[in-house]
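Visitor: Starting from the known structure of chain A, arrange chain B on it as the hints suggest.
Number of protein chains: 2
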Amino acid sequence: MLVEAANRLNIKTLVLDSAANPASQVSGHHTKDDHIIGSFQDPVLIAELAKKCNVLTVEIEHVDTKGLDAALEQNLVDQIHPTPQTIRTIQDKYAQKLHLIKHNIPVADSKDVSSAADIDRAVSEFGVGYPVMLKSKTLAYDGRGNRVIKSASEIAQAITDLGGGPENKGPELYVEKWIPFSRELAVMVARSVSGNVVSYPCVETVQKDNVCHIVVAPAQIDGLVREKARRVAENAVTSFDGAGIFGVEMFLLLDDTIILNEIAPRPHNSGHYTIEACHTSQYENHLRAILDMPLGNPEMKVAASVMINLLGSGSTLEDMESSVLGPSRAAFSVPGASIHLYGKESCRKGRKMGHITLTANSMPEAAAGTRTILEYNGLIDTATVSALTPAPVVGIIMGSDSDLPTLKAAANILQEFGVPFELTIVSAHRTPKRMVQYAETAAARGLKVIIAAAGGAAHLPGMVAALTALPVIGVPVALKQLDGVDSLYSICQMPRGVPVATVAINNSTNAALLAIRILGSTVPQYLEKIEIYAKNSEAEVLGKVKTLESIGWKDY
Amino acid sequence: MLVEAANRLNIKTLVLDSAANPASQVSGHHTKDDHIIGSFQDPVLIAELAKKCNVLTVEIEHVDTKGLDAALEQNLVDQIHPTPQTIRTIQDKYAQKLHLIKHNIPVADSKDVSSAADIDRAVSEFGVGYPVMLKSKTLAYDGRGNRVIKSASEIAQAITDLGGGPENKGPELYVEKWIPFSRELAVMVARSVSGNVVSYPCVETVQKDNVCHIVVAPAQIDGLVREKARRVAENAVTSFDGAGIFGVEMFLLLDDTIILNEIAPRPHNSGHYTIEACHTSQYENHLRAILDMPLGNPEMKVAASVMINLLGSGSTLEDMESSVLGPSRAAFSVPGASIHLYGKESCRKGRKMGHITLTANSMPEAAAGTRTILEYNGLIDTATVSALTPAPVVGIIMGSDSDLPTLKAAANILQEFGVPFELTIVSAHRTPKRMVQYAETAAARGLKVIIAAAGGAAHLPGMVAALTALPVIGVPVALKQLDGVDSLYSICQMPRGVPVATVAINNSTNAALLAIRILGSTVPQYLEKIEIYAKNSEAEVLGKVKTLESIGWKDY
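Note that the protein sequences, when read in sequence, are chains A and B. full-length UniProt numbering puts the first residue of the first sequence at 1, with every later residue one more than the last. full-length UniProt numbering puts the first residue of the second sequence at 1, with every later residue one more than the last.
For reference, chain A alone in the conformation it holds in the complex (with noise of 0.2 angstroms):
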């Protein structure tokens, strides 16, 4: 995919890698004999590569790095980007995290750990009793290489399971305070040669047996939770050296409390949604990073997006049609459903053959997609089902909650049409604090419109329209005295520069009617519905003109 950005942009590109990699298959400008085969472990190969090159990138950290110091050193390759430190600092997970704490970065209490004895004592220091993670510092992928570790009696198997440990000549080890997250977020940050910096949306994960499952864009959670993630996304990558776009893995916990996890130093697969979904892909923005273009626009060009690995089940026909061709051929159903086969050699168990993207005018709608094509393999879990439920859209807020029986019509209606909505008691008299809180942040947050319901002197319409650019909907609530046009007044004549929206006294179906053919100008399957709304209110009255015309005044 990092190739397929560069012939676009007529960039030459060598690769190296073993005989069968895609990449080099779809090398616009050079033929296969151009390519060197091989392992990018080799320094003889990497050498090769360099003195053909002008610069040197990578997409998987696994490098042989003092080979990379070489080809600088003896000035075989202008540039290596990110730089080896940085890509040596990032295979070794124990360092990583040690220079994540060294720059502030929230990251998950740990401890270089080379024998039982060791584990059983850093999980006292840690204070919270186990589980705790058993990980490999070097090597770690998908799962391998990490134990969890429920009792003091699986120590000894977990050091086993990890290659022995260093008593055994094993690998290194260290061992990871448990986080009990409720998601895990992953946002992709680019940063050019010059320095500039640009992130990517927030997204959800969702893994299964280790492997990215599915890709949430945008996570479905509190927008000022994703820019909270983007912020420490930024500042990590920017602790280290050298160009390049990174991938960085957090854990969100209950709190809102983010955690960084691990980074990549290179596209990853929590941004294949990027390429559809976005305005520049991180594969392009990788390489306007490390050649020091300007960096391309991140932002989504989309409302909604999920991206499906297609992990292979195993290494036979069945497996083939089951976990990869089966699903593709459900997605070339589903609208908006884009399919990346990656045209590896051999299907096996747990190998990504390829991913779906799909991109939407809605998340309700990216989601009924994904659960489409991932029925067709029954891999819905419960982590699946909440990264797919929508985040609020509309808010509906009211002064006290003896103004519920008025909004419940409101609420109803939204349920009815698909539309995900919050409802709340936010008083400008009695919480003005609150409501001057839940109106600033109500754009960051996510929604796109407000439905505010306030009686009497209903101020609360106004005022939140005066702290949001957000469209507010006003619903007038009629009191024991006038009837609701003191309410009607109130929220009407706002001064100008501040609108609100005003519907009828006390009629918050209207509300939501319109709060609906707002979102509409977004999501034209809002407006179909309102247009089906209309033909059954309009088939109604045709009906009752038939009882009344067949049974007459009278009778009726």
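Keep in mind that the hints were calculated from the coordinates and are not lab data. Here a beta-carbon is modelled for each residue, glycine too, at the ideal position from N, C-alpha and C. Check each hint, because a few of them may be wrong.
In the BS3-like style, the derived pairs of lysine-lysine whose C-alpha atoms are separated by at most 30 angstroms in a straight line are [unchecked claim]: (1) A:Lys228 with B:Lys535; (2) A:Lys66 with A:Lys352; (3) B:Lys408 with B:Lys228; (4) B:Lys12 with A:Lys344; (5) B:Lys544 with A:Lys529; (6) A:Lys52 with B:Lys137; (7) A:Lys344 with B:Lys52; (8) A:Lys546 with B:Lys433; (9) B:Lys529 with A:Lys433; (10) B:Lys433 with B:Lys228; (11) B:Lys344 with B:Lys12; (12) A:Lys12 with B:Lys433; (13) A:Lys408 with A:Lys433; (14) B:Lys12 with B:Lys102; (15) A:Lys12 with B:Lys228; (16) A:Lys177 with A:Lys111; (17) A:Lys66 with A:Lys137; (18) B:Lys433 with A:Lys535; (19) A:Lys150 with A:Lys137; (20) A:Lys433 with B:Lys535; (21) B:Lys408 with A:Lys51; (22) B:Lys102 with B:Lys51; (23) A:Lys228 with A:Lys408.
Now the stretches of chain B that chain A is said to cover, found in silico as 3 or more residues with beta-carbon under 8 angstroms [said to hold, decoys possible]: (24) 1 to 15; (25) 146 to 156; (26) 277 to 291; (27) 415 to 427; (28) 500 to 514; (29) 525 to 536.
Guide: Just chain B, lined up with the frame of chain A:
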């Protein structure tokens, strides 16, 4: 670009073309030796290609169709799409025209000619005098093979220019009645082997020296006319045999009549924008069509897109810089610009060296980006300016011209915020049928929000809301009696089911600001502008606070 789409779907492609063709370079499943180097007009090479393939297709119509026929007759290949007969009919533009006339597709009057006398006779028959177009029946492409004849004295030279005509053993010729078109439109249509048909949005193409210069998607015209163009294109394509994607070029006359110009039986320059701007690209849908897979969603996933062709200005490095690399470099700094450089071996005057596609949240944004790129080499003419002029997204209507003074504030705000709008008179009581037509067609024409002002009985906003699914903003206008309260009640107190977003009496400023807030759910730039507007209002009041403090309330 077709091979790129094939790679993603793991479809193996072999290419027959000259040695330096870009397509075979990026073919993911074959070494360069597998491809066939030579002319697609050589039946021997066509047979050689056919033997290696299951399905043959074309990316250019100037192939040897006899060679294709032979490949089918000798069972060298299973299928050829589109059929050789369809390609043959389309190759001969006069035969194409006769075919379209037979199928009731609107085309310009034409006449077979083989001498100067024939041409003069045809002009008399057309009955509108000169100019006329003289065209070569075959091998006409990007303006080659066409000559405008402005008077009888130019006939001889035009025949000579086109190779002498049949009298001198040159190519066969025909004349075409001059079409005084206002715009050129194009629609891509895909039809699968099973006969399923999808069409892409109607775009406007701007030609320069008979070569496509820019493509604006969707065309910034009445959406109903766009839909009419789609139907003409679908009817034209389904009149031919065979599967694949077809580019249909049309003329739009001043009275909104559509005349089909010509058809290309292949992916087309006017569909390049689909790669970044539509859910499924023209290339992928061509593959899906000829392999009889379900067709992908042709709709745009962004609000607006512009494609700019990078045409070489000559063969020197300076030419390459000014016409290709310079505009590309400018595009790197335009958010939402994707650059495609084709990697052709040399630049020459008029050669398509690449293209740039802009994607944006609104047409004003896409137009601004386009101007930035085109200003690089001053390629903006009146046709370009016209094509880039955004169609209205807000409709302001009033029951009477006496409401105009009230509504001018709304128009000023929309203009200030850069929101394209239209303003007209629609009276519920005096032009009821016009009102029905206006409201019923508003969404299809392209409007996103309607602002309706009315006084007294004030039926306009509510009646319009009953006839459209768009959000309708009502501005109550105060008449002499009742101070506008009558208008407010009439507009706001709509029955359950049909909402009107009512703003304060006479406050069209708020109506416009509400419309912009509504558009802000699609166009984040508008929300930012609303925030700036609020900040300016705040600063204005704070300025008064300071003045009041410094000069005191007595002198204020």
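Visitor: All hints are to be evaluated individually against the structure, with a verdict given for each.
Guide: Status of the hints after comparison with the structure:
1. A:Lys228 with B:Lys535: With Cα atoms ~25 angstroms apart, A:Lys228 and B:Lys535 stay inside 30 angstroms; holds.
2. A:Lys66 with A:Lys352: It holds: about 29 angstroms lies between the C-alpha atoms, which stays within 30 angstroms.
3. B:Lys408 with B:Lys228: 34 angstroms, violated
4. B:Lys12 with A:Lys344: 13 angstroms, holds
5. B:Lys544 with A:Lys529: 48 angstroms, violated
6. A:Lys52 with B:Lys137: 50 angstroms, violated
7. A:Lys344 with B:Lys52: 22 angstroms, holds
8. A:Lys546 with B:Lys433: 26 angstroms, holds
9. B:Lys529 with A:Lys433: 25 angstroms, holds
10. B:Lys433 with B:Lys228: Measuring from Cα to Cα gives roughly 22 angstroms; hence the hint holds.
11. B:Lys344 with B:Lys12: Distance of about 22 angstroms is within 30 angstroms: holds.
12. A:Lys12 with B:Lys433: Answer violated: A:Lys12 to B:Lys433 is near 63 angstroms, above 30 angstroms.
13. A:Lys408 with A:Lys433: Answer holds: A:Lys408 to A:Lys433 is near 25 angstroms, not above 30 angstroms.
14. B:Lys12 with B:Lys102: Between B:Lys12 and B:Lys102 the Cα gap is close to 38 angstroms, so the pair fails against 30 angstroms, i.e. violated.
15. A:Lys12 with B:Lys228: 44 angstroms, violated
16. A:Lys177 with A:Lys111: 9 angstroms, holds
17. A:Lys66 with A:Lys137: Holds: A:Lys66 and A:Lys137 sit about 18 angstroms apart, inside 30 angstroms.
18. B:Lys433 with A:Lys535: 20 angstroms, holds
19. A:Lys150 with A:Lys137: 20 angstroms, holds
20. A:Lys433 with B:Lys535: Holds, at about 20 angstroms.
21. B:Lys408 with A:Lys51: 68 angstroms, violated
22. B:Lys102 with B:Lys51: Violated - the C-alpha atoms of B:Lys51 and B:Lys102 are around 36 angstroms apart, more than 30 angstroms.
23. A:Lys228 with A:Lys408: 34 angstroms, violated
24. 1 to 15: Coverage by chain A holds for the stretch 1 to 15 of chain B (5 residues, Cβ < 8 angstroms).
25. 146 to 156: This one is violated; 0 residues, fewer than the three required, reach chain A with a Cβ under 8 angstroms.
26. 277 to 291: n = 4 at 8 angstroms, threshold three: holds.
27. 415 to 427: The restraint on the stretch 415 to 427 of chain B is violated, since only 0 of its residues have a Cβ under 8 angstroms from chain A and three are required.
28. 500 to 514: holds (count 12)
29. 525 to 536: holds (count 6)
Of the numbered hints listed earlier, those contradicted by the structure are 3, 5, 6, 12, 14, 15, 21, 22, 23, 25, 27.
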